[in-house]
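For the sequence shown, the positions run 104 to 195 when the numbering used here is used.
Just so you know, these hints were derived from the structure itself, not from any lab. Remember, it's a predicted structure, so these values are computed and weren't measured experimentally. Relax, there's no trap hidden among the hints.
Straight-line C-alpha distance at most 25 Å; calculated DMTMM-like pairs for lysine to aspartate or glutamate:
no., residue 1, residue 2
1, K173, D139
2, K169, D183
3, K178, D133
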Amino acid sequence: MNSFEANAKTFAHAVRSHWGIENSLHWRLDVVMREDDCRIRMGNAPSIFAMLRHLCLNLFQTEPSKLSLKRKRMKAALNDDYRANVVFGLAF
Numbered sequence: 104m105n106s107f108e109a110n111a112k113t114f115a116h117a118v119r120s121h122w123g124i125e126n127s128l129h130w131r132l133d134v135v136m137r138e139d140d141c142r143i144r145m146g147n148a149p150s151i152f153a154m155l156r157h158l159c160l161n162l163f164q165t166e167p168s169k170l171s172l173k174r175k176r177m178k179a180a181l182n183d184d185y186r187a188n189v190v191f192g193l194a195f
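With the sequences and hints as input, model every part of the structure.
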């Protein structure tokens, strides 16, 4: 920041852009993966489960069906073939 000279408007835009991306990701994690409801608090478990939630969210986003992310999560929980398709990218 020392070498960067900006007026308040430019700085505010940069901050809002950063938080827009940050809030978008956390909104998805909360709505789709129910991250705020997680009660895991001990040891390394919170960071491990956060990584797994990010991985799953990325897998659901790359799966090409038109279902919502929330429905993809439910379908993967209930259907072994669909889950294999999401995880391994298998086409049926």
